[in-house]
Structure formats: C-alpha cells, structure tokens
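For the protein sequence lines, the chains are A and B, in the order given.
Residues in the first sequence are numbered from 1 upward in steps of one, following my numbering.
Residues in the second sequence are numbered from 1001 upward in steps of one, following my numbering.
Hints listed in this document are in silico derivations from the structure and should not be mistaken for laboratory results.
Heads up, some of the hints might be wrong.
What the hints assert, rightly or not - DSSO-like mimics (lysine-lysine), calculated; alpha carbons at most 30 Å apart, straight line:
hint	chain 1	residue 1	chain 2	residue 2
1	B	Lys-1152	B	Lys-1112
2	A	Lys-484	B	Lys-1112
3	A	Lys-484	B	Lys-1252
Values in this document were obtained by computation on a predicted structure and should not be read as measured data.
Each chain, written out:
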Amino acid sequence: MPLLWLTLIVLAIAGAGYVLGRSRALASAGGDSRHLHSLPSYYGANVALKSVVPAIGVMILWLLLQPLYVGSQVSGTIPDSAVAEGSSRSLVMAEVRRTADGLKNAVALGEMTTEFATDPDADLAEVTQSLKDAGQIVTADVTQDILRGAQKYRAMNATGYFVMSGLVILIALAGVFFGLRETQKEFRARNVVEAGLKAILIGAASIAILTTVGIVLSLVFNTLEFFRLYPFMDFFFGTKWAPSFSGRGGASDLGILPLLWGTFYISIVALTVAVPIGLFAAIYLSEYASPRLRAVAKPLLEVLAGIPTIVYGLFALLTVGPLLVKFFGDDGLGWMQSGTAVMTAGLVMGVMLIPFVSSLSDDIINAVPQAMRDGSYGLGATQSETIRQVVLPAALPGIVGAILLAASRAIGETMIVVLGAGAAARLSMNPFDAMTTVTAKIVSQLTGDADFASPEALVAFALGMTLFVLTLGLNVLALYIVRKYREQYE
Amino acid sequence: MNDMRILERKVAANDIKISASNTQVYYGDNHAIKDVSIEIEDKTVTAFIGPSGCGKSTFLRCLNRMNDTIDICRVEGDILLDGEDIYDKRVDPVQLRAKVGMVFQKPNPFPKSIYDNIAYGPRIHGLANSKADLDVIVEKSLRRGAIWDEVKDRLHAPGTGLSGGQQQRLCIARAVATEPEVLLMDEPCSALDPIATAQVEELIDELRVSYSVVIVTHSMQQAARVSQKTAFFHLGNLVEYGDTGQIFTNPKDPRTESYITGRIG
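Isolated chain A, as found in the complex (with noise of 0.2 Å):
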C-alpha cells in the first residue's frame, strides 16, 4: 500500500508541475501561444515526465536492489552454529524472511504489538504461538536466532522504504523545479518531449527483448546444468526414454530419440491432413467464390483457428479416438490397440491447423497482383490454367513460408498430444501405435513433485532448449522465403 501512495504522491507532483510548467511557459510569452517554441503543453509534460522519469526509475532500482543488500546484511549476523545439518544458510534466510512477514501481518492484524514484535528478548513459545493466532505460516519453532534476524531484517527494511519515500519525493520535486527553471519561450520543449517519448518507447522494445534473452539464457543454464548431469550423447541419440523418478531409483534412459519421431511422426500425419485441405480452400476462397460467400466462410473458417487446443483434445479423445478404433481397432482391421494414436492426435492438429494454412495462404494468393491474372487470361488462358501456371508459382514462395509456419506450430503442439496420443514414448512405424512428444514430456516431466534438481526434472528443460531450436530454425527458414518472395514485385 505504501507504494502505491508513493506512486500517487509522485504522480500528484508531476501533475501540478504539468501544470505549472504550462502557466509558466504561457506568461513568459505575454500570454500569447504564438510566441512559444512549442505548444503549451509541450512546456507542462516537460516538466512532469522530469519529475516522473527519474522518480520513478530511482524507485524501481531501489526495490530490486534493498532486498539484495538487507539480505546480506541480515545473514552476515545469523551464527553458522543456527544452521543445522543438512539444511543451507538460504533456507534459514527464508525462514527468516516468513518469519520477518508474519511479524508484520501480525502487527497490522492487531495479534500482536509493535512493542512485542521489535522485543529482542521476547518469549519464543509466545511469539510462536501468536504468529500461528494471527493465521501466519509458521513451520517450525521460531530460534532466538531467526527472530533476531527476522527482527533486524524489519527494521532494516523499514528504515529503507522510509529512506527511499523521502528521496523518491525529493527527486520528484527537483525534477519539478529544475523543469520549471529551464521554462522560458525560447526553450525547446517539443524537441525534449518527443525525445523523452522515443527513450519511453525503447524502454518497452528492450523491456520485450530482454524477457526473451531471460527465457533463453535460463533455458541454456538448466540444460548446462542437465548434461552436467546425464551425458549428451545418450540423450541426443539415446533410443530409450525411460525416467526412474527417485522413489524407485535405478538409472532413467532418457533418450530424446523417440520422442522427436513421435513428434515428427504427428507433424507430418497433421500436415499431410492440413496442406492440402487448407490450400484448395484458399485457392476456392481467393479465386472462385463469389465476395458474399467469402465474407461468410473466411470468418468461419477462422473460428476453428479460436477454438482452444484443449478442446480439440478432447474431441480427438472423444470422437475421432473410438471412431478410428471401431474400423483400425481389433474388430476391424486389427492394427490399433486403442483411441489414443498417432494417427488420432495427427489428424485433429491437422483439423486445427487447416485456418492456419488457408487464411496465410488465402492472403498471399491475394496479393499475386491482377496484372498478372489479366495477362493470363489476356492469352486465353481458362480460369484454372492461370491459378494452376501463374497464381501459385507467384504465390509458392509464400505458401511454403506459411506452410512452415504451420509445421511449426504443430512441432510445439501439447494439449491434442497428451489427450489423443497417449503418453508412450515408442519408435514405431505404425502411425496406429500410441507415441508421444517432446512438448507432452516436458509437461509429464514437470508435473508431480520430482526433485529440481535431479536430471529427471533438468532433462525438461534441453528439451525445451531442443524445441526452441527446432521451431526457431523452422521460423527463420520461413521468414527468409516469405521475405524473398516480397522483393520479386517491388
């Protein structure tokens, strides 16, 4: 809560020096706008974003950085002695941190007072025991040595936000002022403002960036970490995957071999299915049907592009499971065991990927340019020699982009995986067998309550690393060809 009034104080400031900025600007120009360098309200947000800006950044820095420092201030003064075997100093610092919380709740709860809570030598059993009135969690028996440093952790922390309020309004009003001083008719405000503008928009671009680079490099750390631990060739061209969770022990075979056919396996079944089928529909949408029933079906066709992949889950379960049974299944012709299938999850990813293929494909058909339909038709050419000769070879390159984007999209597919393929990890020839994906094993993998540590949990994560690898090569690859279809009309 505090924050939040803090945040509103500086907004506040900024506020009225927006406007005082404004009045300012006005009266060193006689009252007359045209004898200013820029707009009024240029003068004013020159003024606010001088406050804001600083302000708030101070803020931002001083929040990541306070726990950093208390933090290791407060475990300098905790014994080694009150670590106990087995455990770390990290988790007596957690403990003191839950406990540090709890204090605080209690405090604001009215369980306890401030006098009790900053008492050093306060009775532990009482403080224990108030802490669990006062609904905290408290794990174990708070030791002198956690409270002490509970304590000592509450005022440094106290003392740091009080220090931080004052000086992140302090920097608010000096912004105030020093924007307020260089307001006079000459000064450049427009130019201030607009730079200030595009430094708040490259704060978002890097904002975006560095959260991808994150997920990267947390990615690579954790599969350095795995192949630490398991040797990477047996994971790369191991032909097993069998992970031992720790309660059974025993050594896990985790080759990602058969998972990559598995998925490999879907992909293909699901763009054997959506290529085809999406293409003739964009070439009917873009090129034979009348613009009513265009405006109709390319909307409809789109919905199954919002319908959530859970539910396709359940449809290729439910539906198209026991359908492929009772003609593939022991009644019929015996080459399936049970619903869940390769063919099963290939088929409804291809159900789901058909907008994908149809809507990229129908706008890239579309921007073949009439010219050249014209000139075709201009020969004698029919209606389908043209599509046939013409639109698609003008339009391949884009196709095949779009087409990889698809494959991409099905390479990353999970939910349809866990429900219609089973959970088996098999190489098999039989698009009939039950196989699973490298996506359905990161999720198997992470789920439940496997040790972080252990590599049957890592190997999660080179999975992923993996996968990225893979649908990122693909979408480079369709960008390349879609960007070099683009120069072939400028």
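Chain A is already provided as a structure; the job is to place chain B on it using the hints.
Then chain B, alone, in the frame of chain A:
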C-alpha cells in the same frame, strides 16, 4: 505534327474485322459506355483517344470480354467478330481471348523465365508439337516483338528482370505468340521512356501487316503517328470516328476539335 505525312498514309479500305453496334456498358449503376457503334477494319491500326474516364479502355476490354472478370460489369448490344456475336452464350471467352490478344498498360511479365513467358500461350493452346516447334515459336515471337537480339543469350533469365521497355516488348511478343487475329493495346507506352516508346510504335506499325491492332492512347501524337483510323470518345460516347488524317486535320465535331487542340481534356 507532319500533316502531309498523315494524309499520305491513308490506306485502302479493308474488310471489317470487328463490328459493334449500340453497345452499352454499366458498372453497377454507372453507365460507362453509351450507345457506341463502330466498325474496326482488318490489317489496320485503330486508335482510341479521349480524356481520362471517357470509357475508351472499358470499350477496349469489351472486345475480348476481359470485363467478364469484373463482377459488377454488364455489357449490352452486339459486338461481332468476323460476323459472330462474341457475347453469344455459345462463345467461350477463353477461345475468344486466344483470337483477340491483349497488351496492358503496365508491363506484366509472369514471374517465369523469358522463354516460359513466351511459351505460356502456345503451351496452353497446344500450338507446338515438340520442344523444337516451341523453340521456333519463341524465337519468331521474340523477333516480332523486336526484342530477340537483346534477350537471345538469356532466354532462361526471369522476365521480371528486364527493363520497363523490354518488359513491354516481351508482353507484346507473348501476345503475338498465340497467333491472335486482333491485338488490343491499352496504353502500351504510358509507362515507357521516349526511346522504348519509339521502338514499340515501330513494332505496332509492323504488326499491322498481319493483325488488326486497336490501341488506346493518351498521346495524340502517338495516335497520329501509328494509326490509320482514330475514334474519339468523350463521356462514354463515341463522338467521332474516321481516318486519322481527317480527325486531326479536319474534325467534324466541335468537341473533337476542342480536344485535339487542347481545350478540353
């Protein structure tokens, strides 16, 4: 313009190739062509001139039913090619367009090789029995398009890589390759520089020997240079049609005179 030269070029009357009578064209509610009747002669260059939006391109596109590809366009009246109504239900517009070729305002080579651009028409109409036949047709067409010498060494380079003037001559060669009887040209030189324009005009004059050529142009000098007959369109009406020399030296209608002397347009 050299009036003497125009008068000298007066040609003997030829057979009628295309005869349109009482043609009306509507784009939705917009009446674009009003009651146009015209007789276009064989082995003659006929120029359509007139200010922008007067309907000359629309009328040109009626002659090979290119307007069929526009949904809201409606054509009434009779247009006869060699005495046959081209808007008759039994006529296949695809076959008609093989007989009445068209060259467009902007060069529009297909994104294929130069060779495949020319071979496209002969292939779809089955004009060649063998690869050798096709080679002969391609060479002959490129020569008639006056572009053979420039591209003979790079027949398999993409047609889109040529310069604007070369592309337009490629498109003319492509239209010639299907052996049409009539060649329609919709402002074929508007995107070209003066040198390329001169080359295309020379080409048009040569094509006259075998085809009936109809050309829409904004340049009155061009109409005077290349055509034997000229039709002046204004606001969807055919105002005046006659020998080019007569239209440019002695127009009968005051509107024609105003246009060619630059007072309306």
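A quick look at each hint next to the structure:
no.: 1; hint: Lys-1152(B) with Lys-1112(B); result: 16 Å, holds
no.: 2; hint: Lys-484(A) with Lys-1112(B); result: 15 Å, holds
no.: 3; hint: Lys-484(A) with Lys-1252(B); result: 56 Å, violated
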